[in-house]
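Undergrad: What follows is the residue order along each chain.
4 protein chains.
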Amino acid sequence: MNKSVFSHRVIYADTDHFGVVYYARYLEWMEAGRSELLRKGGISYADYEKMGFFVPVVKLDIEYQSPARYDDIVDVETRIEKIGNSSIHFTYDIKVKDKIIATAKTVNVFITRDGKKVNVPDEVRNILK
Amino acid sequence: MNKSVFSHRVIYADTDHFGVVYYARYLEWMEAGRSELLRKGGISYADYEKMGFFVPVVKLDIEYQSPARYDDIVDVETRIEKIGNSSIHFTYDIKVKDKIIATAKTVNVFITRDGKKVNVPDEVRNILK
Amino acid sequence: MNKSVFSHRVIYADTDHFGVVYYARYLEWMEAGRSELLRKGGISYADYEKMGFFVPVVKLDIEYQSPARYDDIVDVETRIEKIGNSSIHFTYDIKVKDKIIATAKTVNVFITRDGKKVNVPDEVRNILK
Amino acid sequence: MNKSVFSHRVIYADTDHFGVVYYARYLEWMEAGRSELLRKGGISYADYEKMGFFVPVVKLDIEYQSPARYDDIVDVETRIEKIGNSSIHFTYDIKVKDKIIATAKTVNVFITRDGKKVNVPDEVRNILK
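Residue numbers (this note's numbering), protein chains in the order written: chain B, 2 to 130; chain D, 2 to 130; chain S, 2 to 130; chain Z, 2 to 130.
Bound-form chain B, shown alone:
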């Protein structure tokens, strides 16, 4: 199953003085979602780093539909939409109590420490199957 679910209970640190989750905080939970999804391929992100690979976000689109609030449990469902030669396209459904409150997409690329693109490892491709 090519999906991970990362859950986070909203704390004060996540909220702003309008009373809702600050728009940048979702990106942290999306990072955790990607990390959990890669782990499903059998190799953790930390393992990739040991091999000298990194997977930064190069493009992000997000639509915020409804706010999340203090003490809500936010579930981030992360999926792989597409795998290119060196890129992975992730999609995210961000939910509170099964209602989608935001949707997002990121494009990530596999690179070496000095920034050279490398092929997406087979373990990652296997998540899709």
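Everything hinted at is true.
It does not matter which identical chain is meant; a pair holds if it fits inside one copy or across any two.
In silico BS3-like cross-links for lysine-lysine, where the CA-CA straight-line distance does not exceed 25 Å: (1) Lys100 to Lys4; (2) Lys60 to Lys4; (3) Lys106 to Lys60; (4) Lys118 to Lys96; (5) Lys130 to Lys41; (6) Lys83 to Lys60; (7) Lys100 to Lys51; (8) Lys96 to Lys106; (9) Lys106 to Lys117; (10) Lys106 to Lys83; (11) Lys117 to Lys96; (12) Lys117 to Lys51; (13) Lys117 to Lys60; (14) Lys106 to Lys130; (15) Lys118 to Lys100; (16) Lys4 to Lys98; (17) Lys60 to Lys41; (18) Lys4 to Lys130; (19) Lys96 to Lys60; (20) Lys117 to Lys98; (21) Lys130 to Lys118; (22) Lys41 to Lys106; (23) Lys100 to Lys117; (24) Lys41 to Lys118.
What the hints contain is simulated information worked out from the structure, not anything from laboratory work. In this text, all values refer to a predicted model and were calculated from it rather than measured experimentally.
Fit chains D, S and Z to the known structure of chain B by using the hints.
TA: Here is chains D, S and Z on its own, set in the frame of chain B:
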């Protein structure tokens, strides 16, 4: 001139263990950029709040082209691209030493505290002129 | 048992370019620890807010002994050390794989929305028993 | 003069849903304060890193007296209180409109990348004179 420039020197808090600015931190400086731009219209964001108006981001697109690093001075140039009935479209050029390292767009909407859309105030429209 | 354990797997967002968890991030997990401990008294922090009570930190001491790193699971053990008329003294053992990496204390006070001190509710006192 | 002043205008990202600055955010501005103070000695923190030195916080005490709020300008006055063989004791007065809202102390140590303590460089000692 319908542009604001917000500058920030990168601190440890902004960076991650790959040695670059974490992708969510740019959103904070973009917030500061929007805030400075609205202030140019003669009414600060804080003033709008006192009137009962809020301007959340409902859509965000960002492309990360090169990393910023510790102690870099990051300049966020914010412009208003378009103003709708209740929405404002902002664009952002994010630079280090005059080189663009990321570009972004957000759509923000003017709402009341209970979430009802309201018309964009004239002071904001005047920034464009 | 007057203890809560909050666990968090370290993500990129938590780390800095020296390769370790940034010193301010622990405060977020300590907040989650306090929140979980109050919940054990039968009333969540969110419930207290609905009653008009807030519990800000007025004093914090923390000693950092060893760093936590990316992908580590950090466990925050939170205890109530002492309860005054309107104050609670929390202690925190912050661990990675059962090794203490930091210890902290906070003093929190129960206040109303407009900042007046109120007595610590009995539900919180019951956690100690 | 052995003092630096770092000023920051509070943005949404800094605040929480109680309407005040979140307690961990001050630590970021204290970091910026330390950094500005070291720069006065003639060598920036970034320069020390190039020499292989790092200066982590090993102990932090902070007292929060009054809240800072959205759009406030927070001034962090950082001073060196004492210099040991390998440690520096910093003190911080955190102010809004010249009123102290929080005071803090940190102990930082000069270490190499692999964590060995080294002597505080003379440039830093010169700040005190």
